[in-house]
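K.L.:
All chains, please: the whole structure from these sequences, using the hints.
Protein chains: 6
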Amino acid sequence: MLRPSGRAANQLRDISITRHYTRHAEGSVLVCFGDTKVICTATVEEGVPRFLKGEGQGWVTAEYGMLPRSTGSRMGREAARGKQGGRTVEIQRLIGRSLRAAVDLTLLGEHSITIDCDVIQADGGTRTASITGACVALVDALRFMQRSKMIQTDPLRHLVASVSVGMYQGEAVLDLDYPEDSNADTDMNMVMTEQGGLIEIQGTAEQAPFSEDEFIQMFTLAKEGISELCEFQRQSLTD
Amino acid sequence: MLRPSGRAANQLRDISITRHYTRHAEGSVLVCFGDTKVICTATVEEGVPRFLKGEGQGWVTAEYGMLPRSTGSRMGREAARGKQGGRTVEIQRLIGRSLRAAVDLTLLGEHSITIDCDVIQADGGTRTASITGACVALVDALRFMQRSKMIQTDPLRHLVASVSVGMYQGEAVLDLDYPEDSNADTDMNMVMTEQGGLIEIQGTAEQAPFSEDEFIQMFTLAKEGISELCEFQRQSLTD
Amino acid sequence: MLRPSGRAANQLRDISITRHYTRHAEGSVLVCFGDTKVICTATVEEGVPRFLKGEGQGWVTAEYGMLPRSTGSRMGREAARGKQGGRTVEIQRLIGRSLRAAVDLTLLGEHSITIDCDVIQADGGTRTASITGACVALVDALRFMQRSKMIQTDPLRHLVASVSVGMYQGEAVLDLDYPEDSNADTDMNMVMTEQGGLIEIQGTAEQAPFSEDEFIQMFTLAKEGISELCEFQRQSLTD
Amino acid sequence: MLRPSGRAANQLRDISITRHYTRHAEGSVLVCFGDTKVICTATVEEGVPRFLKGEGQGWVTAEYGMLPRSTGSRMGREAARGKQGGRTVEIQRLIGRSLRAAVDLTLLGEHSITIDCDVIQADGGTRTASITGACVALVDALRFMQRSKMIQTDPLRHLVASVSVGMYQGEAVLDLDYPEDSNADTDMNMVMTEQGGLIEIQGTAEQAPFSEDEFIQMFTLAKEGISELCEFQRQSLTD
Amino acid sequence: MLRPSGRAANQLRDISITRHYTRHAEGSVLVCFGDTKVICTATVEEGVPRFLKGEGQGWVTAEYGMLPRSTGSRMGREAARGKQGGRTVEIQRLIGRSLRAAVDLTLLGEHSITIDCDVIQADGGTRTASITGACVALVDALRFMQRSKMIQTDPLRHLVASVSVGMYQGEAVLDLDYPEDSNADTDMNMVMTEQGGLIEIQGTAEQAPFSEDEFIQMFTLAKEGISELCEFQRQSLTD
Amino acid sequence: MLRPSGRAANQLRDISITRHYTRHAEGSVLVCFGDTKVICTATVEEGVPRFLKGEGQGWVTAEYGMLPRSTGSRMGREAARGKQGGRTVEIQRLIGRSLRAAVDLTLLGEHSITIDCDVIQADGGTRTASITGACVALVDALRFMQRSKMIQTDPLRHLVASVSVGMYQGEAVLDLDYPEDSNADTDMNMVMTEQGGLIEIQGTAEQAPFSEDEFIQMFTLAKEGISELCEFQRQSLTD
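Residue numbers (the working numbering), protein chains in the order written: chain F, 3 to 241; chain D, 3 to 241; chain G, 3 to 241; chain H, 3 to 241; chain P, 3 to 241; chain Y, 3 to 241.
Keep in mind that the hints were calculated from the coordinates and are not lab data. Possibly wrong hints are sitting among the right ones.
[To be verified] Here are the computed distance ranges between Cβ atoms for each label pair:
1) P:148 - Y:55: 55 to 63 Å
2) H:51 - D:48: 49 to 57 Å
3) P:148 - Y:75: 16 to 24 Å
4) Y:10 - F:152: 37 to 45 Å
5) P:229 - Y:184: 31 to 39 Å
6) F:241 - Y:10: 30 to 38 Å
We put the CB at the ideal spot given by N, CA and C, even for glycine.
P.N.:
This is the structure in structure tokens:
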């Protein structure tokens, strides 16, 4: 098997994480997984959603969007159609759950952090890149909150990162790009902590069902990949 | 550990699958996983969505809803709010993908099958009950198509069923009801074929991340549970 | 004239009213007028709509929906289309007005009761079955409020029930089913109290205008029919 | 009993029907029932709605709106809220059904006539004024179609008109204005043909249920009132 | 050059401004620029939008609509389509800004004035007629507020009026009607105070770009036209 | 007077125009006017909107959006609110009109070009930066169409660019940034061709009305500024 990109089965694409990408947000990151490029911003606001009022804890949520021409053919703008599509909703819920797992919400006080992930250019894996970049933006927002004395203690439990794995031409591969993604038998998105704890796992058999053995192969690749991604996150955070 | 229901860790709730539940649909099933009750209907229609026009294949899709008072407190009616919520969208996409995996779409001709899953009463696990019941309604719809000569060959590849598993008070348990679901550390929904092939896996760490070992325990329970559910499906289909 | 169902002109379909049909609602009824089956639930909530704030009275309102495949061909799901259709709006307003006439709103305190009528299977007369079943669910909700000391006095003024009448092949008939409904010259829905007081009357000449004499014939049938329906309501409420 | 306006119980308000009120529409009427003023326009278009394609018949439909400040306090503009309210939907469906009863749709060919009723100033009875004025605009549109050879034969079956009746302080009264309408025990809208055939009847007990006897009194008033209104229609159409 | 209407290049259409056109609003004006007819009402309400709460000033805003058949062919009703079109939004924002410039908002107290401009009949220039008529309705609303002691001081800074100018067949013309508007090279809408101060200027080259010289010609015509329009406003306000 | 940025009254901010910014679009430009950064992409598609079918010409349209955290405080995502705001609608209509003026639509054939302008970071003047950058993306799209033989002749009439001018502390200034924009007396956006022809002019008196003299001062600044911007466009297009 040769991957279209020529990468080894366990090889990530070129990863870059650029902090302070835009000026206004409390955290702002440009994350690139190869040709997939996502701007992740973190916004800190007073108050929490209604269902948490008075619970003495904070909230983290996420929104996701793609620029209409981030893809090969133009997608209709969701704001113009008046509705977020099902895929968008599914992805932003995944990002939100993943990031909430990174934070001790009771240490946030009654503050909300909204993570916006906007895809500038798409080449597969936009949701995994989004989670990985968003976690760095989140850390910057938490640092901002500590610097400005909104909170005393660092609420970060651990970094979280995400990567896709799949079965491509009978073999498990890491970090699928678009040409692989559209031909994979199975596509699985994993979210893990830097310690290797599982946060989210979403796997779909696109063609034939996958076996337990294939599952374990993909799982193993994902663990290694996420370990590398967390290293990229840590490096960017010490710059 | 004692489950609130007193069930054993690997014990399903009482399962019932009633075919021909309503009169008009080509397939109509009432499925009960304990107190969770869902009406699943399958509708056969000529034609396919625009993106499949002229491809010579069929389509299977799903929609999901909950009656406003299927739950402990009343949920606003989505039709009245003018919008399906994120959870609804996420679930109906999962049901649709799961059922498409049960069928050889090229043998459907240019026909569409729409599965409607409407929750009459909820007590945890509405999406897994929906998939399990919907598969039976789908088989009835495929039989209808064969009887009425819309198609020659049976497009069914295999039955699919679904069950939830979770870590509850440190132990893996099968088929969580609402009291367990709201207190579980981890909640995982598995969709498999009757041969044990994996179709979908969606796991979320609600509290602490879960380990690979816990994952394997849950996986094992799920396989057994789905095997039993497929037996219920087969029995109901021979009535 | 022979009615398609073989019923006499003044004969109701088989009527059944099943209380405690689902578990969560304060009132929950399955009502069947022949093959028309509707789940009616009553939800009690604190507070009133804004326009009644501080008036010291309560409110009763209704919502109506049909499962997409309750009918012969599938209707688009209103939640998915993002909008309730005109027929739905018209029906739920009728149900709400009818039930408000059953209750002394000043004795409800600042509570709201929402009646949800969801049609599981349709064969004509869904709005009349809805009103008839909803009134029983409403009574159960009022009893709940008294048992739980939310109110002291029973706010029920009288039972209300509803039935359709029409001119079918030149003759007045009671409780039209779908084959009659789609061929009737006139279709009239009546809502009355158990004492025979008129609450709502909605008649439409589908083909030719109807005369005063025909009106009186239909009116007479409706009175008898509603008297019988109230008897069914009373029986179910004493079970 | 003295009506607030000083009118006799069987007395209509001052009625005026002005044709050719605006310039562009095929039929354009300003109708006034006292201080209730409605612009009714009829638009003729090629083609029919999808559900009638190829049936060889035409269609008549109606839309209704109120200028935001047609009423005592400003109502939110429905276009700005993004949604027609339930009352609007109910009324425009009533107007549409009433006007379809005036026309032999099979003689319209595959043409559609859309009636727009826009309330400039409201003082009770906007739906009855709308129907009465719209029928005149409809006749002008039918004349236009004949003049321009779109159709050969006049599809008009009969004029239709509409009036409200109610029980006010224990007495039946005709053509309620706003002060009466908001205090009436019962409010009933009748639509009839010029020959006295019933097209629509919609009665609601606002306070106490009404008796058969009261119903007959109101019915009698309505027949007289509609007979007068049809005379106003005929006069305006001969100008 | 001959204008289709035979008017001189600097000649307004017949202008009329009728106050107290409808009964309920605090200001109600029918304004006609030739065959363009707009009802402008001003509604006074307690309170201000959220973004102004506690600022101790008032607010003036506008909404705009066209009756569906105010135009040559019927436009879909925005309330039925569930959305105001882009042109509508653009126009109502222009009207709102223009009228806010007429008033010292700090003298309004925490009150809001909503101007509704509803086009009954359109023949070009609906936005300029709307602004011109709305200003008169606004003055009536301000007088109402003074009479009813809601405010002490007159917040009116100056009258504002609006007119269109354009390049038509190479020549600058004033107050374009529809036949001119649809063939003009350039279309410019000017809003000015009665003293000739500029409030808004919106010019669009429909065909070829326009030169500075053409701009000055149009500007000069607009100043004269607005001066005349303010005279019409003053006359109507002294009636 | 000293501008907050220290710029001279007639001095543009630092301008940069980067072509081929993203990979998929036929034209893709990052344009910066100081800290205002906008991604402008041009998408070429077969076919034209319905109102142009069969007219033998093409179409150019634009959509505009801001990333939620492109601004100092987070703006709600329009896709999530289900609606584009009035300001968005107004701006995208302006961009579309401006670009259509740059192109001979009859030479486009039945093709559509959609320009998406997405603001990554905002510091005043997003609409003028959008137009200026979009024109370059448009030229790239036209070149693509010629290279791929979709069209024979270059449809570009002239470059168009846009800049804002305003009265700030009594003096006319060019290219306002956010601190100036929020305190200016007058704000005017000009769109011109490279030859100095006027395409669009939109001026608003934010505080006091502006005089003809002030208008001429601003106009003069705008002409110079646009001349410089067109030079930046030409340079980027020869890279």
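K.L.:
So, for every hint listed, does it hold in this structure?
P.N.:
Structure-based check of all given hints:
1. The hinted window of 55 to 63 Å between residue 148 (chain P) and residue 55 (chain Y) holds, with their beta carbons roughly 56 Å apart.
2. Roughly 20 Å separates the CB atoms of residue 51 (chain H) and residue 48 (chain D), a value that falls outside the hinted 49 to 57 Å.
3. In this structure, residue 148 (chain P) and residue 75 (chain Y) break the distance hint of 16 to 24 Å, their C-beta atoms being roughly 38 Å apart.
4. About 41 Å separates the C-beta atoms of residue 10 (chain Y) and residue 152 (chain F), a value consistent with the hinted range of 37 to 45 Å.
5. One distance hint, 31 to 39 Å for the beta-carbon pair residue 229 (chain P) and residue 184 (chain Y), holds here, with the actual separation near 33 Å.
6. The given range of 30 to 38 Å is respected by residue 241 (chain F) and residue 10 (chain Y), whose C-beta atoms sit roughly 37 Å from each other.
Hint check: violations occur at hints 2 and 3; the rest are consistent with the structure.
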